[in-house]
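Peer 1: Now for the letters of each chain:
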Amino acid sequence: GAVVSQHPSRVICKSGTSVKIECRSLDFQATTMFWYRQFPKQSLMLMATSNEGSKATYEQGVEKDKFLINHASLTLSTLTVTSAHPEDSSFYICSANPGSPLGYTFGSGTRLTVV
Amino acid sequence: AQKITQTQPGMFVQEKEAVTLDCTYDTSDQSYGLFWYKQPSSGEMIFLIYQGSYDEQNATEGRYSLNFQKARKSANLVISASQLGDSAMYFCAMRANNAGNMLTFGGGTRLMVKP
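Those protein sequence lines, which keep their order, are chains A and B. First residue of the first sequence? That's 12 in this note's numbering, and the numbers climb one at a time after it. First residue of the second sequence? That's 85 in this note's numbering, and the numbers climb one at a time after it.
Just chain B, with the same shape it has in the complex (with noise of 0.2 Å):
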């Protein structure tokens, strides 16, 4: 079974500054990828980033990135140069390619970015 931890129910951060979301994550699978989606108000999930098991590479995109610690099982989101319009809620899911093809998600993180 998958398992998807993410110990900060909430966080602050000052606008503009650099920003780490921390998710760990247990499977027994080798084959696996992660992700991070952002949740508004609105409820839509929106899709962030990207991290395959086998990529030896962090992932970025734009200000958001990837520390990916693969023997750690950890996979932070790493947002910087932080925007009001950042706040919102944070949630690490995975896929694990032997599990069904569904996500499974950590429990979130709410992100209020102060002015």
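Chain A with its partners taken away, still in its complex shape (with noise of 0.2 Å):
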């Protein structure tokens, strides 16, 4: 089945660096790539939809220049999250869609701790 593959799965970094997290499709082209975030003990809440070739759709509320994303090719996206803080410290997942009704395949996510 199509997979996503996103590393890594975890990371800590010190306050005020920047951190890639990067999402694979392996088995199919992602022309559109969902980027979440997901604190403890709440839901998914959609940051961002890169697009291939095209520049990022933000939701309201999220900086754009502080989590980049780049969508350059059919099979990567990549979010960066710069000079992080600790209150950046979360769980990331990515999510496209394989062109099935059913949708949406996920990574397996990435927790982010900024100490």
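Please note: incorrect hints may appear among the correct ones.
[Claimed, not checked] No farther apart than 30 Å at their CA atoms in a straight line, the calculated lysine-lysine pairs in the DSS-like style are these: (1) Lys198(B) - Lys52(A); (2) Lys77(A) - Lys25(A); (3) Lys157(B) - Lys52(A); (4) Lys52(A) - Lys154(B); (5) Lys66(A) - Lys87(B); (6) Lys75(A) - Lys154(B); (7) Lys87(B) - Lys77(A); (8) Lys25(A) - Lys157(B).
Rather than coming from a laboratory, the hints here were simulated on the basis of the structure.
Hints in hand, dock the two standalone chains.
Peer 2: Here is the structure:
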């Protein structure tokens, strides 16, 4: 079946540094990738939608300059958390639709801890 | 705008019994899809079941069934014969076909199966 590979699964970084999260579609082409953030004991909130070859669409309240999204190819989308702060500590998860009406394949998620 | 409401933050069920997880939704779109996902503590999102807005029959997948009441805008998940491994977070989600294909998630229900 369709697989989205997400790396890293866990990352701890120092405050002020940047962290890159990668999501690769392994056996299908993902023209669109959805990026979600999930705080502890909360639901998934859509941050942005990345589109191959064009600018990402960000949800209201999400800082474009802080959460840089690049979708340079049909199989790779990246989210870079720039100048990370402890409040950015969260679970980040990506999702793509491989073309099935049932939708959506999710990455395994990245647990980011900023210290 | 789409909205998904899950009114049960936490539920207990005895092993081998059935349990219903509630989900109501709000959309002005006529064409939409409803999904249920299971999220164990590892964080992965596991697809359980799907119901299209034009489907006349309630969806079933093994021990999972979806009680779809379109007029009431509800899409409750029924898990029969609960197992200890069913303990997890459960999210109801909706895709409105005129809203960019992204999923909107409810707040989730934590299900705990008692031995």
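Peer 1: The structure should be examined with respect to each hint, and the outcome stated for every one.
Peer 2: Outcome of the hint check:
no., hint, in the structure
1, Lys198(B) - Lys52(A), "holds (20 Å)"
2, Lys77(A) - Lys25(A), "holds (15 Å)"
3, Lys157(B) - Lys52(A), "holds (25 Å)"
4, Lys52(A) - Lys154(B), "holds (29 Å)"
5, Lys66(A) - Lys87(B), "holds (26 Å)"
6, Lys75(A) - Lys154(B), "violated (38 Å)"
7, Lys87(B) - Lys77(A), "holds (27 Å)"
8, Lys25(A) - Lys157(B), "violated (46 Å)"
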